Amino acid sequence: MMAWAWGASRIIDVLQKYGSDIIDYRRLAVTGCSRDGKDAFAVGLFDERVALTIPQETSLGGIVAYRIADAKCTEKTQYNYNDQIWLCNSFAPFVQNTSQLPIDAHELVATFAPRGLYGIDNSSSSASQMCPQAGNMSFQGGREVYNALGCDSNLTYNSTPTNTSHCIYSENYTKSLTACVNKFLFHQSGETGKIEAGVTVEKKDWIDWT
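Taking the working numbering as reference, the numbering of the sequence shown is continuous, increasing by one, and the terminal residue is 210.
Simulated from the structure, these hints should not be mistaken for laboratory data.
It should be emphasised that the depicted structure is a prediction, and the values quoted were computed from it without experimental measurement.
Glycine included, every Cβ here is placed at the ideal spot set by N, Cα and C.
Treat the hints with caution; some may be incorrect.
[What the hints assert, rightly or not] Derived Cβ-Cβ restraints for the label pairs, each shown as a range:
1) 23 to 102: 22 to 28 Å
2) 3 to 24: 37 to 43 Å
3) 128 to 3: 28 to 34 Å
4) 210 to 83: 21 to 27 Å
5) 20 to 129: 27 to 33 Å
6) 175 to 144: 34 to 40 Å
7) 207 to 19: 41 to 47 Å
8) 202 to 14: 27 to 33 Å
[Said to hold, decoys possible] Think about it this way: if two alpha-carbon atoms lie no more than 27 Å apart in a straight line, the pair counts; the simulated DSSO-like pairs of lysine-lysine are:
9) 72 to 204
10) 204 to 76
11) 175 to 76
12) 175 to 203
13) 72 to 203
14) 72 to 194
15) 175 to 194
16) 204 to 194
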């Protein structure tokens, strides 16, 4: 994931060097789904020149809160660490022990502020292993920071689809997607900032801070 983030930043270097002769580097978005959603999240996380990041159905290693995924979902950190190797060796002490993590994904979401971030998940039973309830709660936690900075309208989330397969686009996303593109890429007005969830957990059970 860091290799993808590094490579994307080198591309942006070239775009920045040549100004708007190729493309306006100040109006860039990055997106992907599943493992590419993790990559997109990493690209946006580590390069502040990305105006809009749109990670889709990332599961762990992206927008999903680790401690909620381990408590509530079938795809847990053990799978992503031992089988899919998305997580580095430093994560070893926290595999099956995510309640002891010093940070969680909601804090990574918060670091995007004040930039545009549109998280997409899928509440269909065929995609439930991606743990949309933990993605939603990451954005609920990240929203607290966006709120504190006065830019809560720049954080958007949608996991309302209930009848699509993993990584299949749903029209449920279109309204928010269009609004985010208009706002962050075309610098026009757009109704962004909604947190829309198809599957949730109780916010009070996971956020006891302000």
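Tell me the numbers of any earlier hints that the structure contravenes, in ascending order. 1, 2, 4, 5, 6, 8, 11
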